[in-house]
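K.L.:
Each chain is listed here by its residues.
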Amino acid sequence: MQVALFITCFNDTLFPDTGKAVVKVVEQLGHQVIFPEEQTCCGQMHFNTGYQVEAMPLIRRFVEIFSQYEAIVSPSASCVGMVREMYRFAAEVHQDVKLADEVALLAGRVYEFSEFIVNRLGVQDVGAYYPHRVTYHPTCHSLRGIHVGDAPEQLLRAVRGIDYVPLTQSTECCGFGGTFAVKNADTSMAMLGDKIRHILDTRAEVCVAADNSCLMHIGGALHRQRSGVRIAHLAEILAAQE
Amino acid sequence: MKKPESVIIALAPRFEVGAKSALQNTQLRRNMGKATQTIRAKRAAVVEELSDWESLRVAGQHIKDEVLQHLDTYLVQLEDAITQAGGHVHWAKDAHEANEIVTRLIQATGAKEIIKVKSLTTDEIRLNEALELAGITAIETDLAELIIQLAHEKSSHILVPAIHKNRSEIRALFQKSMNLPELTDEPKELAAAARQYLREKFMTVRVATSGANFAIAETGSVCVVESEGNGRMCLTMPDVLISVMGIEKILPRWQDLGVFMQLLPRSSTGERMNPYTSIWTGVHADDGPQEFHLVLLDNGRSDVLADSVGRQTLHCIRCSACINVCPVYERTGGHAYGSVYPGPIGAILTPQLVGMAHADSLPYASSLCGACYDVCPVRINIPEVLVHLRGKVVAEKQAQPKSWFDGENIGMKAMATAFGHRSTYEFAQRAGQLAQWPFVHEGYIEHGPGPLGKWTAMRDFPAIPPQSFRDWWRERQRDE
Numbered sequence: 000m001q002v003a004l005f006i007t008c009f010n011d012t013l014f015p016d017t018g019k020a021v022v023k024v025v026e027q028l029g030h031q032v033i034f035p036e037e038q039t040c041c042g043q044m045h046f047n048t049g050y051q052v053e054a055m056p057l058i059r060r061f062v063e064i065f066s067q068y069e070a071i072v073s074p075s076a077s078c079v080g081m082v083r084e085m086y087r088f089a090a091e092v093h094q095d096v097k098l099a100d101e102v103a104l105l106a107g108r109v110y111e112f113s114e115f116i117v118n119r120l121g122v123q124d125v126g127a128y129y130p131h132r133v134t135y136h137p138t139c140h141s142l143r144g145i146h147v148g149d150a151p152e153q154l155l156r157a158v159r160g161i162d163y164v165p166l167t168q169s170t171e172c173c174g175f176g177g178t179f180a181v182k183n184a185d186t187s188m189a190m191l192g193d194k195i196r197h198i199l200d201t202r203a204e205v206c207v208a209a210d211n212s213c214l215m216h217i218g219g220a221l222h223r224q225r226s227g228v229r230i231a232h233l234a235e236i237l238a239a240q241e
Numbered sequence: 000m001k002k003p004e005s006v007i008i009a010l011a012p013r014f015e016v017g018a019k020s021a022l023q024n025t026q027l028r029r030n031m032g033k034a035t036q037t038i039r040a041k042r043a044a045v046v047e048e049l050s051d052w053e054s055l056r057v058a059g060q061h062i063k064d065e066v067l068q069h070l071d072t073y074l075v076q077l078e079d080a081i082t083q084a085g086g087h088v089h090w091a092k093d094a095h096e097a098n099e100i101v102t103r104l105i106q107a108t109g110a111k112e113i114i115k116v117k118s119l120t121t122d123e124i125r126l127n128e129a130l131e132l133a134g135i136t137a138i139e140t141d142l143a144e145l146i147i148q149l150a151h152e153k154s155s156h157i158l159v160p161a162i163h164k165n166r167s168e169i170r171a172l173f174q175k176s177m178n179l180p181e182l183t184d185e186p187k188e189l190a191a192a193a194r195q196y197l198r199e200k201f202m203t204v205r206v207a208t209s210g211a212n213f214a215i216a217e218t219g220s221v222c223v224v225e226s227e228g229n230g231r232m233c234l235t236m237p238d239v240l241i242s243v244m245g246i247e248k249i250l251p252r253w254q255d256l257g258v259f260m261q262l263l264p265r266s267s268t269g270e271r272m273n274p275y276t277s278i279w280t281g282v283h284a285d286d287g288p289q290e291f292h293l294v295l296l297d298n299g300r301s302d303v304l305a306d307s308v309g310r311q312t313l314h315c316i317r318c319s320a321c322i323n324v325c326p327v328y329e330r331t332g333g334h335a336y337g338s339v340y341p342g343p344i345g346a347i348l349t350p351q352l353v354g355m356a357h358a359d360s361l362p363y364a365s366s367l368c369g370a371c372y373d374v375c376p377v378r379i380n381i382p383e384v385l386v387h388l389r390g391k392v393v394a395e396k397q398a399q400p401k402s403w404f405d406g407e408n409i410g411m412k413a414m415a416t417a418f419g420h421r422s423t424y425e426f427a428q429r430a431g432q433l434a435q436w437p438f439v440h441e442g443y444i445e446h447g448p449g450p451l452g453k454w455t456a457m458r459d460f461p462a463i464p465p466q467s468f469r470d471w472w473r474e475r476q477r478d479e
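Residue numbers (numbering that gives the first Met the number 0), protein chains in the order written: chain X, 0 to 241; chain F, 0 to 479.
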């Protein structure tokens with residue numbers, strides 16, 4: 000199968016290793032990865048902050064670039080949620096019937112990385128080896144936005160050598176919320192404080208998630224506290240080998 | 000211009016400012032954390048029991064949709080049914096009109112004191128303050144509402160107004176205001192003290208006010224749902240009953256109540272069945288109040304109805320499940336929202352009732368985590384409405400800038416332009432890689448400039464790596 004990688008501007012710029020890991024895992028499973036180089040940003044930050052007029056050209060641009068592909072895979076649950084849930088809403092609010100039709104055709108072919116591997120390809124064990132103590136934070140958009148269910152945990156549990164520890168109150172938001180982390184920095188930090196406490200309680204070396212944006216938030220506090228715990232995107236764990 | 004003072008607490012600061020000071024109150028954090036997590040678990044357990052919970056939610060949503068589609072028809076049907084049953088219906092376009100109507104009705108009875116069933120709608124219009132100006136004392140009879148009234152505070156939760164207080168704080172308050180120096184902090188004793196105080200009022204006061212959870216258009220019945228029985232006393236003992244209800248609280252048919260009486264108790268208090276459900280239809284000779292008035296309140300609701308996205312806000316049955324599950328509310332408490340309606344529902348309802356300009360920080364008081372939408376018994380897509388309202392806030396500020404320099408607006412527009420083309424996007428990536436060097440130490444930015452500073456005040460920020468993913472991809476393509 001040809002798989003178009005929707006890297007997201009955030010991962011492209013700040014977390015290139017995650018993209019490399021996705022390419023590696025998907026290719027190892029026998030599929031061809033294509034990277035449409037015209038892609039930039041899906042418009043989520045603008046749209047969710049209220050800059051919807053500014054987001055519309057980015058939304059139309061994304062639809063135009065990705066419409067031709069059979070499967071579109073992204074290592075970001077929140078950007079996938081933007082395309083699958085909010086594009087429809089954006090088209091409705093801006094009464095763009097043509098866009099609404101195009102989005103309806105496209106949305107079903109956009110997958111978050113872990114749901115693509117588990118639900119579309121039917122694979123749980125990708126042959127990874129990762130001898131570390133790991134905990135997993137289900138991000139809000141992966142859990143409640145696009146409902147990936149336990150796909151990420153299925154993949155993690157199949158990794159050889161892994162010491163997987165579940166996280167207490169895992170389903171609670173880490174406080175990132177995009178521009179919320181800056182606009183409401185104090186409340187965001189109060190939420191993050193509890194998340195960090197639960198992560199430290201697991202004694203894990205690595206905190207894993209399906210979104211680098213939330214991980215950047217969590218990792219930002221773990222690093223500030225010199226906690227000795229690092230962050231890693233799920234794809235990077237699955238790409239690790241003996 | 001609407002009158003925000005009726006819904007918003009006067010001179011309330013922006014959400015982030017109110018939140019900052021609330022977050023420092025360690026007693027509040029402890030009280031709120033404990034209370035919200037307890038009620039959350041209780042709700043989850045009783046919802047889990049029902050295999051048809053999702054169907055109930057959908058049914059609730061559809062009934063409310065139907066009500067809003069034909070609101071005009073159902074309101075007139077309700078008015079006719081109530082009038083036929085011997086009640087009186089009054090229409091109030093805003094808080095001022097509603098307060099005038101209620102004051103006039105009370106004055107006609109000559110009463111100087113009234114007893115109240117806990118009611119958000121009368122809080123919304125600030126009925127107690129309006130009555131005080133007319134020389135009428137309103138006595139709150141809901142235990143938590145009474146605590147708030149005695150403490151001269153504002154409610155911080157729609158169902159549990161004193162959620163921010165613990166029992167030792169309540170003990171101190173009762174000791175002082177009820178002159179009971181021997182009182183302990185045993186919940187039983189505290190309830191008994193309130194009971195003693197209220198019983199005398201129930202036996203002597205002849206006029207009561209209430210809100211309404213539901214009103215049935217086909218029968219003209221009005222319904223109040225409560226847990227203590229104090230509401231039942233107010234609804235049955237006095238001679239005159241005046242109820243104030245938002246126009247959206249209507250249900251078309253008697254049978255619709257069956258859906259909501261399953262959804263509401265499980266969502267609000269985590270109970271399978273509601274303890275005191277009072278339903279009355281007009282007046283009956285020698286049984287209950289002999290004079291009944293229903294005041295139908297608009298107060299901005301028609302404007303909410305006119306917005307195709309915001310409209311679903313009017314589905315709300317005030318259960319408070321979204322408030323209890325909200326990680327923001329859990330930490331800031333209700334007062335930070337500066338409104339009678341706190342939490343996620345407040346963040347979408349308040350700005351729509353009072354106008355964006357008066358509450359433009361509220362749509363941003365959420366991380367869009369979606370927990371509220373998951374628990375809402377009538378499936379209000381709160382995150383979607385929040386995003387929609389943010390769009391309105393930005394559109395309004397762009398049309399009428401409040402100051403000559405808006406860094407966020409400039410930055411967002413610049414980024415949108417950069418993201419518009421591959422070349423400008425890649426140029427911006429390079430610029431970022433170069434511009435960050437004075438701030439980067441050991442792969443992290445610990446003190447960032449401008450808006451990044453708000454991030455790095457509390458968290459480190461990873462440096463932009465020298466090679467982007469796309470650079471790596473191109474290199475790989477070349478090497479192959």
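These are computed hints drawn from the structure, not numbers from a lab. Even for Gly, the Cβ is constructed at its ideal location relative to N, Cα and C. The reader is advised that the hints may include incorrect statements.
Claimed, not checked - Covered stretches of chain F (chain X as the covering partner; in silico rule of three or more C-beta atoms under 8 Å from a C-beta of chain X):
id: 1; segment: 61 to 68
id: 2; segment: 161 to 171
id: 3; segment: 201 to 214
id: 4; segment: 323 to 331
id: 5; segment: 420 to 430
id: 6; segment: 444 to 454
K.L.:
Does the segment 161 to 171 of chain F contain three or more residues whose Cβ lies closer than 8 Å to a Cβ of chain X?
P.N.:
violated (count 0)
K.L.:
Tell me whether the statement that chain X covers the segment 323 to 331 of chain F is true, taking a Cβ distance below 8 Å and needing three residues at minimum.
P.N.:
Check passed, 4 qualifying residues.
K.L.:
Test coverage of the segment 61 to 68 of chain F by chain X using CB-CB distances below 8 Å; three residues minimum.
P.N.:
violated (count 0)
K.L.:
Are there at least three residues in the segment 420 to 430 of chain F whose beta carbon sits under 8 Å from a beta carbon of chain X?
P.N.:
Holds: 4 residues of the segment 420 to 430 of chain F have a Cβ under 8 Å from chain X.
K.L.:
Using a Cβ cutoff of 8 Å, are there at least 3 residues of the segment 444 to 454 of chain F near chain X, or does the coverage claim fail?
P.N.:
Answer holds; 4 residues pass the 8 Å Cβ test.
K.L.:
Count the residues of the segment 201 to 214 of chain F whose CB lies closer than 8 Å to any CB of chain X, then report whether that count reaches three.
P.N.:
violated (count 0)
In this structure, the earlier hints numbered 1, 2, 3 are contradicted, and the remaining ones agree with it.
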